[in-house]
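Undergrad: Letter by letter, the chains look like this.
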Amino acid sequence: GESVGLHLPTLSVQEGDNSIINCAYSNSASDYFIWYKQESGKGPQFIIDIRSNMDKRQGQRVTVLLNKTVKHLSLQIAATQPGDSAVYFCAEDGGSQGNLIFGKGTKLSVKP
Amino acid sequence: DSGVTQTPKHLITATGQRVTLRCSPRSGDLSVYWYQQSLDQGLQFLIQYYNGEERAKGNILERFSAQQFPDLHSELNLSSLELGDSALYFCASSVELGGFQETQYFGPGTRLLVL
Chain A
1 GESVGLHLPT LSVQEGDNSI INCAYSNSAS DYFIWYKQES GKGPQFIIDI
51 RSNMDKRQGQ RVTVLLNKTV KHLSLQIAAT QPGDSAVYFC AEDGGSQGNL
101 IFGKGTKLSV KP
Chain B
1001 DSGVTQTPKH LITATGQRVT LRCSPRSGDL SVYWYQQSLD QGLQFLIQYY
1051 NGEERAKGNI LERFSAQQFP DLHSELNLSS LELGDSALYF CASSVELGGF
1101 QETQYFGPGT RLLVL
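Protein chains in written order, with our numbering: chain A, 1 to 112; chain B, 1001 to 1115.
To be clear, the hints were calculated from the coordinates, so they are not data collected in a lab.
This list has only true hints and no planted wrong ones.
Calculated lysine-lysine pairs in the DSSO-like style (CA-CA distance at most 27 Å, straight line):
no., chain 1, residue 1, chain 2, residue 2
1, B, K1009, B, K1057
2, A, K42, A, K107
3, B, K1057, A, K71
4, B, K1009, A, K42
5, B, K1009, A, K104
To give an idea of the interface, some chain A residues facing chain B are shown, with a C-beta separation under 8 Å as derived from the structure:
no., residue
6, I34
7, K42
8, F46
To list a few chain A residues with every Cβ distance to chain B over 10 Å, as calculated:
no., residue
9, D17
10, D55
11, Q58
12, T69
13, S74
14, D84
15, K111
16, P112
From the three backbone atoms N, C-alpha and C, an ideal C-beta is built for every residue, glycine too.
Could you put together the complete structure from these sequences and hints?
TA: Right, dumping it as structure tokens:
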């Protein structure tokens, strides 16, 4: 996994705008990916997942896009709200071990 | 609420001590995972148990151990604690059907502070 470090990448958006959070994953053999949202003082909360046989999956206000060619994952949040402010992590499956490998988090800040 | 519970929520202890963190998975979930989240290392996988048996090990120190009991709850034991062990410890659970990766649901975490 990658280290988050003390300084997370930050995305600042205006309330009502769409947000796009990007993630590069490491293992081309990974076949399962998840986005988690983590609010301050809480555990990671499942948002949406996608398997490698898909390139797009939509949920409620969220869409995940998977580009296996360049090992890139993105999370799109429509009509971003103040309650969306959090750190967002992408994760890929660790292969046969079953654990998740977390990428660097991105801090989303929504301005009212 | 993910359905995964962890106790205690906060723990303050001294170097050299031993603590036990407890996790109850979601009803029906057979797999339990432990992760450590520190400021400089992000979320790191420690260990996984499936139906009482150790399934996978990650970056877990020899001073740390875990087990999963017949009722599927799990405990993470941290001994000879050092200042650097201060972190958030999360438990996650999943159903694990047919060997395919399934969504892991995380508990609220235990915040450990070693003084």
